[in-house]
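J.: These protein sequence lines map, in sequence, to chains A and B. Take the first sequence: its letter number 118 is residue 117 in numbering that gives the first Met the number 0, and every next letter is one higher. Take the second sequence: its letter number 108 is residue 107 in numbering that gives the first Met the number 0, and every next letter is one higher.
In case anyone wonders, no lab produced these hints; they're calculated from the structure. Quick caveat: nothing in here was measured; it's all calculated off a predicted structure. There's no promise every hint is true.
[As the list claims (entries may be wrong)] Away from chain A, derived, C-beta distances all over 12 Å, residues of chain B: (1) V34; (2) Q47; (3) M65.
[What the hints assert, rightly or not] Below, simulated DSS-like cross-link-like pairs (lysine-lysine); rule was C-alpha separation at most 27 Å, straight line: (4) B:K51 x A:K253; (5) A:K60 x B:K41; (6) A:K60 x B:K30; (7) B:K91 x B:K30.
[Said to hold, decoys possible] Beta-carbon label-pair distances, calculated as ranges: (8) A:Y77 x B:K116: 42 to 52 Å; (9) B:N148 x A:Y179: 40 to 50 Å; (10) B:K100 x A:V201: 25 to 35 Å; (11) A:L259 x B:V158: 40 to 50 Å; (12) A:K87 x B:S185: 35 to 45 Å.
For glycine and all other residues, C-beta sits at the position ideal for the given N, C-alpha and C.
Each chain, letter by letter, is given below.
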Amino acid sequence: MKLLYLCVIVTFFVFQGCSTKEATSPTNHEQAKAKATTSIALQSNIPDQQVLEDHTEGFEKEFSEQETNNTVDPLGGYNRSMTSFNDKFIMYVLNPISKAYSYVMPQPFRLGISNFIHNIQFPVRLANNLLQLKFQNSSDELERFLMNSTIGIGGLMDPAQNYMHVPIHDEDFGQTLGRYGVGSGFHIVLPFLGPSNVRDLVGVTLDTYVSPLVNVRGLENYKIPDNLGQSIGIVAGTLINKNSLHLEEYESLKKDAVDLYPFLRDIYEQKRNSEIAD
Amino acid sequence: MLKNVMMLLLLSFVSVYAVEEQNIKQVMHTKVNKVLLVLKDKTLSQQQKEQKNLGVMDDIFDYTIMSQISLGNRWKSLTENEKTQFSHAFEKKIKLSYLDKLRLYNNQEVIIKELKKIKPTRSTLETEIIGRDGTYKVIYLFYKSAQNNQWYIYDVNLVGVSIIQTYRKQFSEFLKTKSVKQLIESL
Numbered sequence: 000m001k002l003l004y005l006c007v008i009v010t011f012f013v014f015q016g017c018s019t020k021e022a023t024s025p026t027n028h029e030q031a032k033a034k035a036t037t038s039i040a041l042q043s044n045i046p047d048q049q050v051l052e053d054h055t056e057g058f059e060k061e062f063s064e065q066e067t068n069n070t071v072d073p074l075g076g077y078n079r080s081m082t083s084f085n086d087k088f089i090m091y092v093l094n095p096i097s098k099a100y101s102y103v104m105p106q107p108f109r110l111g112i113s114n115f116i117h118n119i120q121f122p123v124r125l126a127n128n129l130l131q132l133k134f135q136n137s138s139d140e141l142e143r144f145l146m147n148s149t150i151g152i153g154g155l156m157d158p159a160q161n162y163m164h165v166p167i168h169d170e171d172f173g174q175t176l177g178r179y180g181v182g183s184g185f186h187i188v189l190p191f192l193g194p195s196n197v198r199d200l201v202g203v204t205l206d207t208y209v210s211p212l213v214n215v216r217g218l219e220n221y222k223i224p225d226n227l228g229q230s231i232g233i234v235a236g237t238l239i240n241k242n243s244l245h246l247e248e249y250e251s252l253k254k255d256a257v258d259l260y261p262f263l264r265d266i267y268e269q270k271r272n273s274e275i276a277d
Numbered sequence: 000m001l002k003n004v005m006m007l008l009l010l011s012f013v014s015v016y017a018v019e020e021q022n023i024k025q026v027m028h029t030k031v032n033k034v035l036l037v038l039k040d041k042t043l044s045q046q047q048k049e050q051k052n053l054g055v056m057d058d059i060f061d062y063t064i065m066s067q068i069s070l071g072n073r074w075k076s077l078t079e080n081e082k083t084q085f086s087h088a089f090e091k092k093i094k095l096s097y098l099d100k101l102r103l104y105n106n107q108e109v110i111i112k113e114l115k116k117i118k119p120t121r122s123t124l125e126t127e128i129i130g131r132d133g134t135y136k137v138i139y140l141f142y143k144s145a146q147n148n149q150w151y152i153y154d155v156n157l158v159g160v161s162i163i164q165t166y167r168k169q170f171s172e173f174l175k176t177k178s179v180k181q182l183i184e185s186l
């Protein structure tokens, strides 16, 4: 009886083995795909052809629905030249500085600075989570701020994420405006800061009022920098610190571009749309 | 003996249902882990790593459908010859881009989250890459092939940016002023 079982299993296994090869061998997959293409080429197999057409139409609909709209680009010429200016700025100024900085500043310190800057911008995230009526997210953010500011030594560490697994909910005014139906408006490339649009420019302006890192006249008690110079210093420092943690990513991304300006514009708009939908 | 047979049996089951729906998560888990192992393997040269990693992912990416979607409605106006040429060029481009992104790998952890069924023929698999200063969402988009009922990846969404959508946009801009032949050459 035992032998019979074994026999059955072995036979089963043998057949299984055959079909395994058939299903997984990459060449077979390629053949299947090649077959699919030749069937279009020869137009011999009508049902197959139909199925493929249906498929393509399904994809066509899916992708054209999600396409970012940028038919209106009144600043096209300026944006293009600003993109190439920013590109040169990143390649010849920001990257060398960031590299030198990452060489003298050990990574744990840079991560600490990054955490600190993130933590101190908590008012922006809280305000926008509340404005979007995301109460659970708001309470997560509040919890994160309290925990990281105390146990996390003034925000230098992120125990909320690392040990308590309280997720970050990044929201800004641009996203809040988008959430309430404000369209993106035309695209604007900002010097040094990169791609933006009308809606997000308004958003960033509002963010600066709430963020403790940029000085605004009349709110001196709440703000860290006392004047414009200090604000610019903080923004530049943030930019360098962040870039030092993401070296070579821009170069790698750039390789995917056929034409840099529309490529970066499309990526930015897609990313913002998905952040708003989130 | 029996134990071994059972083990082999189990293993063969896993690969039989390689790209069927209920196993997408499992297969992707295995594949991602394989890629990560290769990346961490210090005995391999950069070239060996790249060869191996392409092999792991090749049978689950449907490059033909990707190149078709990326051209949109223009695809139909191409001659058969142009279609093949374009698909080849595009496949190469995607692979190079994928390898280039892998070069940035720096011991990040990858978490595979849930598989969501969007439509009978579409599913998405959400994954997360835990970076040094943040988490990045990567979503793999699968479709069910009508020919063999297997599931293939037709797009990858990186932090809200669809790779194929980005190419679509770029190609349509490019083709406004230039020919398909020039596009193939530029790839």
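J.: Hint by hint, say whether it matches the structure.
T.: Now for the hints, and whether the structure bears them out:
1. V34: 15 Å, holds
2. Q47: 18 Å, holds
3. M65: 10 Å, violated
4. B:K51 x A:K253: 25 Å, holds
5. A:K60 x B:K41: 45 Å, violated
6. A:K60 x B:K30: 30 Å, violated
7. B:K91 x B:K30: Holds: K91 of chain B and K30 of chain B sit about 20 Å apart, inside 27 Å.
8. A:Y77 x B:K116: 42 to 52 Å: Between Y77 of chain A and K116 of chain B, where Cβ atoms are some 45 Å apart, the hint holds.
9. B:N148 x A:Y179: 40 to 50 Å: At 43 Å between Cβs, range holds.
10. B:K100 x A:V201: 25 to 35 Å: 33 Å Cβ-Cβ, so the 25 to 35 Å window holds.
11. A:L259 x B:V158: 40 to 50 Å: At 19 Å between Cβs, range violated.
12. A:K87 x B:S185: 35 to 45 Å: 22 Å, violated
Checked against the numbered hints listed earlier, the structure breaks hints 3, 5, 6, 11 and 12; every other hint is satisfied.
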